[in-house]
Amino acid sequence: GQQLNQSPQSMFIQEGEDVSMNCTSSSIFNTWLWYKQDPGEGPVLLIALYKAGELTSNGRLTAQFGITRKDSFLNISASIPSDVGIYFCAGRSGDDKIIFGKGTRLHILP
Amino acid sequence: GAGVSQSPSNKVTEKGKDVELRCDPISGHTALYWYRQSLGQGLEFLIYFQGNSAPDKSGLPSDRFSAERTGGSVSTLTIQRTQQEDSAVYLCASSLAAGYEQYFGPGTRLTVT
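Residue numbers (the working numbering), protein chains in the order written: chain A, 107 to 216; chain B, 13 to 125.
Some hints could be false.
List time: in silico DSS-like cross-link candidates among lysine-lysine, alpha-carbon distance up to 27 Å [said to hold, decoys possible]: (1) K23(B) to K69(B); (2) K69(B) to K27(B); (3) K69(B) to K208(A); (4) K69(B) to K203(A); (5) K157(A) to K176(A); (6) K176(A) to K208(A); (7) K208(A) to K157(A); (8) K69(B) to K29(B); (9) K23(B) to K208(A).
One-sided and incomplete, this derived list gives chain A residues near chain B with beta-carbon spacing under 10 Å [what the hints assert, rightly or not]: (10) G146; (11) E147; (12) V150; (13) L161; (14) G165; (15) R166; (16) T168; (17) G172; (18) P187; (19) F194; (20) I205.
Derived by calculation from the structure, the hints in this document are not laboratory data. Just so you know, even glycine gets a beta-carbon here, dropped at the ideal spot from N, CA and C.
Build out the structure end to end from the sequences listed, making use of the hints.
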């Protein structure tokens, strides 16, 4: 079946650094979604992208829908301690299935 | 407005017992999803409902797992004869319809002793 490759699997960064993570697929997706999961909570939708090439920001977060429709990236600028968590990408395929990546675990070093 | 709610938030049960987990989706959302998440891992898809029908049950790990949805709203996930490997967080999500953005509940943490 369709799979998303999300990378990196884990990131260890210093507070204040910028962060970049991405998802790629061998199949085309119609929608890309980015979620964040805090420890002990359910994932929360951060950004939704609906058109190839679309670039959307939400505060310090910026995400783009790749023009090939097979990839997306999420950037976080000037990271702060509350950015810690697991970030999931998800793509919507032509048959309306939502496929999730395995997540990027963001750790901020003291 | 109210989000997705799940109950109980935590459940500890003995191996071999049956458990029922409940999900209340966002009002008006026709699609409902169940996922399982082991500690620090990704989301394992279990089952999806459109209305009261389950077009995709492909993720249910064994016949000990079943789910139903009534009235196009509340869903229950039942695990019979629980095993220790069933210990995980069970997440429910709902969306306006299939393929739309999913909104997650806080999860039920199941521990089988």
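A quick look at each hint next to the structure:
no., hint, result
1, K23(B) to K69(B), "24 Å, holds"
2, K69(B) to K27(B), "24 Å, holds"
3, K69(B) to K208(A), "20 Å, holds"
4, K69(B) to K203(A), "13 Å, holds"
5, K157(A) to K176(A), "12 Å, holds"
6, K176(A) to K208(A), "16 Å, holds"
7, K208(A) to K157(A), "23 Å, holds"
8, K69(B) to K29(B), "23 Å, holds"
9, K23(B) to K208(A), "25 Å, holds"
10, G146, "8 Å, holds"
11, E147, "6 Å, holds"
12, V150, "7 Å, holds"
13, L161, "18 Å, violated"
14, G165, "18 Å, violated"
15, R166, "21 Å, violated"
16, T168, "18 Å, violated"
17, G172, "19 Å, violated"
18, P187, "19 Å, violated"
19, F194, "7 Å, holds"
20, I205, "9 Å, holds"
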